[in-house]
Amino acid sequence: MDKEKYLTQLGNRTALSIGLSAYISFVITSETFSAKQTLPLNQLSVNPTTMLAKGSARIYIVDEAQQEHTLFFYQHHDFLSIEPRITLQSDATLFIEFLEDSELCLVPGTHIPNLYKLFPEFHQVQAGHHQTFQQNLFNHQLNLSVLNGAERYNRFLSKYKQIAMLCEQKKIASFLGIDAKTLSRLRANPKRK
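Numbering (our numbering), first residue to last: 1 to 193.
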C-alpha cells in the first residue's frame, strides 16, 4: 500500500492539513483481491474514502432475469464513492468484480466521524469526491442520451483502454447501453474516429 499516493489522490481537490494526513496515514488499511473475484458490495467495508489503489473493477447489478447490468468501471486511483447505505430496488444487490489483481485502500468506517469532527477540511475533501462521482454519472447518462453506439464506444476506449482489454464484451456493451453483437461489429470496424 502506497500511503503517499493515497493521500495525494485524496487531497487532489482540497489540500490536506498535516494533521489530517498524519491521522489518515496512521489508520489507513488495505485489502487485496484477485482477478475475476466477485463480491456483493455490501460484504465489503466500503465508504467514501475507498480508493482502488491498484487494478480495475466494475460495479454491476443483477436484475430479476439474472442479467448483469454494468453501472460503472473503476481504474487505479479512482475513489469508489459509493455510499454504504445506498437504497436499491427490492431484491437488488450491487456487486463488484475485480477485473485484475487489485487493492482497495480506505479509512475504516469507525474513524470517519472523527475525521469530520477533528478536521474541518475533511468536509470539503469528501464533497469534492462526491461532486466528481456525480459529474461522472451525469456525463455517462448524457453520453447514453445523446451519442450513438460508435461514439460511446470511442469515448469508452479513450477513457478505459486497459479495461477494454480485460473485460468481456457483453459487460462493456451493458455499460454502453448497446447489444453485445453491436459492440462486436463496432470492434471489427477499422474506421473509428
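Because the hints were derived from the structure by calculation, they are not lab data. Incorrect hints may have been included.
Under the rule of at most 30 Å between Cα atoms (straight-line distance), these lysine-lysine pairs were calculated in the DSBU-like manner [what the hints assert, rightly or not]:
no., residue 1, residue 2
1, K181, K161
2, K181, K3
3, K3, K170
4, K36, K54
5, K117, K159
Ranges between beta-carbon positions, derived for each pair [to be verified]:
no., residue 1, residue 2, range
6, A127, T38, 30 to 36 Å
7, Q66, G149, 39 to 45 Å
8, H123, A65, 40 to 46 Å
9, A22, L157, 25 to 31 Å
For every residue, glycine included, the Cβ atom is placed at its ideal position computed from N, Cα and C.
Exercise. For this structure, which hints from the list above don't hold up?
Worked result: Violated: hints 2, 3, 5, 7, 9.
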